[in-house]
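This is what each chain is made of:
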Amino acid sequence: MLELNNLHARVVPEDGPAREILKGLLLAVPAGEVHAIMGPNGSGKSTLSYVLTGKHGYEVTSGSATFEGLDLLALEPEARAALGLFLSFQYPIEIAGVPVMTFVRAAMNAQRKTRGEPEVSAPDFLRLSKIAAAKLRIDPEMLKRPLNVGFSGGEKKRLEIYQMLMIEPRFMILDETDSGLDIDALKVVAEGVNHLRGPKRGMLVITHYQRLLDYIKPDRVHVLSAGRIVKSGGPELALELEKSGYDQFLKAG
Amino acid sequence: MQLVDLPSRRSEAWKWSDLRAAMAGQEGVLTGTPPIDAEGPIAALAQAMGDAYGPSALDIAAPGETFETRITEGDAGQYGSVIVRAGATATLIERPHVSGSRLRPFLPSFSRIEVEHGATLHRVVLQSNDVTAGEADSAIVLNEASVKLGKGATFRQFVLGEGAKLARIEVSVEAGEGAVVEMNGVYLASGRRHIDLTSRVVHGAAGVHTRQLVRGVARRGGRGVFQGKFLVARAGQKTDAEMAHNALLLEEGAEVLAKPELEIYADDVACAHGNTAGQLDEDSVFYLRQRGIPDVEARALITRAFLLEAMHDWMGAQLQAEIEARIDAWLGTRS
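Taken in sequence, the protein lines are chains W and X.
Per the numbering used here, residue 783 is the first one in the first sequence, and the count goes up by one each step.
Per the numbering used here, residue 2 is the first one in the second sequence, and the count goes up by one each step.
Warning: the hint list may mix true and false statements.
Claimed, not checked - Residues on chain W that point at chain X, a partial pick, calculated with CB under 8 angstroms:
| id | residue |
| --- | --- |
| 1 | A856 |
| 2 | P859 |
| 3 | A863 |
| 4 | L869 |
| 5 | F871 |
| 6 | A878 |
| 7 | A889 |
| 8 | Q945 |
Because the hints were derived from the structure by calculation, they are not lab data.
Treat the numbers as computed from the prediction; the structure is a model and nothing was measured.
Ideal Cβ placement from N, Cα and C applies to all residues, glycine included.
Modelling step: build the complete structure from the supplied sequences, incorporating the hints.
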């Protein structure tokens, strides 16, 4: 479903020299699978999520990234989203003056329009929203407030997953979704995420800690270090990392 | 003909809006004689245009009345007075509007307003253009109000400015004891248009509560000017005043000039001002695009929300919808 081949990418800050972050990444996530990317700070985890979704300031210098055979890197961010790519942001953005529901409905309809599908009707939208909010134990009043403005870290993460449930993407990237969540919130969020698991969907779970993977069970675990995957394995690899740390692999990388 | 002694850039209050240069060669538009001792250049020009018709006067004593004036090219200049009697409430809507029906449109208006004790006046000034280029780019639109507030009076104002060759919407308020002042505004500067929102509030008595929020956007070639002054006299103890002006420069070559000023002579006051001018936050734009909203729409959505924060409920649904529609129309057309 998602295939990265020898991906090299650099970050190009507005006020500084470009730095190469991804140095030949090789990764394939087949449909129906959940892969975890683990790694120490600065290994390139967030850069990977931004390169895949097309954020400004990130530049692919060589290699390829395809989604169901399509060249992802040639597409605008909104076109990637319409294909079904969804990023749960590590730091969700606050948008003043735009209520959550207004925003999500605009996003759903924009994607549908790009795909040539009819808009979601108001009653359907409200019904879906009610179900998603209940699943994530979100107070419906919160959905009338401006997007993320004044929300706690945990509320913001919950709202990312709410958007995910509403948009029903085909491929999800969760960037440090566990940060800022207490254990109860973590369980609720994981339940929401697991709800979207299915044979036609893929997922990349980026995390620093093993904790999240207790609740979102990965099929494969990859260790990212200095821009490359230095070790891949089954779910047991995450447990091993938790026990012995990253050092053992960093030397190997 | 002896023209009014028009201010040039050398005059501090007009340094960013060069009226003399804008009016050069336009003496022919005046239909009457400017008075010698006018309240200022806008009053003088409005009188010079409106001379033949005499001043108009409104005397409002009943509550809840709405008065609307539409000023367009070819109309006489508006020069008049409004008095809102004690305890009455009124809404005043002024629409200086360039329709494109005449060459070099010239629309000056001046109002002297008095809001007596305990009375409330809501004033909305919608400076708009039918035309996207041409006539609006040669129009001169001047609107000024001089407002005197009695004890415990309330004055709320909203201004929408779409700009012209030179457009200036100016207000000066003299607030009485315990008066409430709320002055918000939105300006949209594009093309070769210039929009100037200038205001001055004198807190000459105790306990005045003032809030001002102006939001503006500018595209290439457009110029927005904000000049806001709060003066708190020695007698203005317990003044509570906040001024904010925030602008977005949407394209290269857009220009915003701002001068927020506080001048305080009383010692027991709470006064604050904030002033920002910057670009759209690209991280916000990316967030929306990642959710599938196309770039142009994402920018419009964020910009719209930014501007609408300056609108308040007192205007009522109908006016708000009208202003939103004008903002949307502006956002939908690139310069």
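Checked hints:
1. At its closest, the beta carbon of A856 (chain W) sits 15 angstroms from a beta carbon of chain X; the interface hint therefore is violated under the 8 angstroms criterion.
2. Interface restraint check for P859 (chain W): the shortest CB-CB distance to chain X comes to about 4 angstroms, inside 8 angstroms, so the restraint holds.
3. Against a cut-off of 8 angstroms between C-beta atoms, the interface hint on A863 (chain W) holds, since the closest Cβ of chain X lies about 4 angstroms away.
4. The interface hint given for L869 (chain W) is met, as the beta carbon of that residue sits about 5 angstroms from the closest beta carbon of chain X, less than 8 angstroms.
5. Residue-level restraint check for F871 (chain W) holds (minimum Cβ-Cβ distance to chain X is 7 angstroms; threshold 8 angstroms).
6. Taking 8 angstroms as the C-beta cut-off, the interface hint given for A878 (chain W) holds, the closest approach to chain X being about 6 angstroms.
7. Proximity of A889 (chain W) to chain X holds as hinted, the smallest CB-CB distance being about 4 angstroms (cut-off 8 angstroms).
8. For Q945 (chain W), the suggested interface contact is upheld, since its CB lies about 7 angstroms from the closest CB of chain X, less than 8 angstroms.
Hint 1 from the earlier list is the only one contradicted by this structure; the remaining hints agree with it.
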